[in-house]
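Please model the complete structure; the sequences and the hints are all you need to start from.
Residue numbers (the numbering used here), protein chains in the order written: chain A, 1 to 295; chain B, 1 to 338.
Please note that a few of the clues may not be correct.
[Said to hold, decoys possible] In silico BS3-like pairs for lysine-lysine, Cα to Cα no more than 27 Å straight-line:
| id | chain 1 | residue 1 | chain 2 | residue 2 |
| --- | --- | --- | --- | --- |
| 1 | B | K33 | B | K335 |
| 2 | B | K213 | B | K332 |
| 3 | A | K97 | B | K332 |
| 4 | A | K97 | B | K213 |
| 5 | B | K336 | B | K33 |
| 6 | A | K97 | B | K335 |
| 7 | B | K61 | B | K102 |
| 8 | B | K213 | B | K335 |
| 9 | B | K213 | B | K33 |
Bear in mind the hints are in silico, worked out from the structure with no lab data behind them.
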Amino acid sequence: MAEIFGIPAAALYGQLLLGFINGAFYATLSLGLAVIFGLLNIINFTHGAQYMMGAFVGWMLLTYLGIGYWPALILAPIIVGVVGMVIERLLISRLYKLDHLYGLLLTFGLALIIEGLFRNGYGVSGMSYAIPAELSGGVNLGFMFLPLYRGWVVLASLVVCLGTWFMIEKTRLGAYLRAATENPTLVQAFGINVPLLVTLTYGFGVALAGFAGVLAAPIYAVNPMMGSNLIIVVFAVVVIGGMGSILGAVVTGFALGLIEGLTKVFYPEAAATVIFIIMAIVLLVKPAGLFGREA
Amino acid sequence: MSDEAESVGAGATLDVEPVGAEAILSDRAARGKSLHMAIFAGLAVLLLIAPFLMYPFFLMKLLCFALFASAFNLLLGYGGLLSFGHAAYFGMASYVSAHAAKVWGLSPELAILAGMVTAAGLGLLFGALAIRRQGIYFAMVTLAFAQMIYFFALQAPFTGGEDGIQGVPRGHLFGIIDLSNAMTFYYVVAVVFLLGILLIYRIIHSPFGQVLKAIRDNEPRAISLGYRADHYKLAVFVLSATLSGLAGGMKAIVVQLASLTDVYWAMSGEVVLMTLLGGMGTIFGPMVGAAIIITMQNYLASLGAWVTVAQGVVFVVAVLMFREGIVGVVSKWLKKPL
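Here's what the structure looks like:
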């Protein structure tokens, strides 16, 4: 069997794929955080809980209503997004004039409520969600075996991330959004409904988290705590990348997932902490983050 | 927060005292001080009689968290820095103290000291990195480092993983005072708590504390006056981490257990909640907040995850309509800083 640096090539590729999948989730989630932060100036701590909700809504659709994976991939993000918009209108919108830290505290409280409720309803053991029939099995690529579903996760999140980038950078709606990020008062004066734009943006960012949740459901066990630990790593990803650019968030997410995967091969003990160590180094060298604009 | 600094003359907002008007300042400080001393005396009396009214074990636990919240408030309320990772200092000190008491056989005061030194070292390391960013990023950085400590605690052999360090001996204070007696131990904890709070009070009212408040209210102005804002921020970060370590180490000896709960992010959130609920930037607020949250946890313990929901609700309500906290509201009422 072929070896690279004394590691069997198959194991190396396997971990790289795993890293790529983690990277896909980091990218999608940090993209959502960046979009929300750009316009609302708050860090959405509820993001992890909303990712978990996405997975649960997908599971509920299947279990209670018999709605399969493909419709759920569209429906669950919409449901999570709508719930998010209601939360934004009722609660978060009251805090825009205050210090942004209150937004962080409020969304933290909301995350506790959501996770607590799901824990009451479903315990902590977790539910399994079957891989859709079309994507079960895998293909042999010659140098490694690729489970189809995992390939799909990477592809789907890449498409969604690039689609989001295209929408924000190249369309009229995206131009409104970027303008409102720069100067909301002026944009409002031009006759654009900024509060509505804010609500839709929050809903969209949250829907991205829900989408990631549905993608994750067949890979990880669907359980109420699946979001909270992930979101803290995503925070580190955001600090490393800086929230200045959409593409920056995507690239950083995938790159850190890969680095984590590589660490798992060469020095497994550090796999859980490597992203935090990179964060420390970035803080020393370039405190604003790799793609950040301001200090 | 910087807007407030422009209207300091109004003096209506909590803790924002007129800059330059030294006569008014000292007069007000003197009035505030006699009130504070009266409250401290009342607190001492309360601590003295409390074990006859409630379980000493519950009170000791409560005092540890009250000290933890007060130490956290030193950073948030007076330094204006929201750390979302204080569980790292509390929890790591708890582990080190438990290990020192159980495996190394150190007496409790040395074990707690070892915990404090650990917390101070971590605070120096993480603080120096975290103060390079501000606001929301500061919160995320501290949270991320705390999560790193959590993963470390999960994997390191000496922490006992999921089991934690159980059956930590209470031992003899200074080798003579037997702490297995609940009443004796309670009074030791009460004295440490009171000394800790008095130290925090002293820090807040020292020239150092005044500069700190100036930096909190308007950092560019403080820097232009020649203060090295970063040095002050780092100093208060380390002080806060060290005192959190004192609380954590003491908790390990009291509960005779150090576990992953102490280093988990939920613990970081809890201490934020205690401080917010009681009133950040007030001296007595965090201990009130801690008392409420710990009591709530105690009574709701049988309800499982509803405790989390209840805490979340308290968080949301406090942020939306109660940002000054309980003591903050009372303080506004009395028109005196508490």
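Legend entry - Non-conforming hints, listed in increasing numerical order: Violated hints: none; all satisfied.
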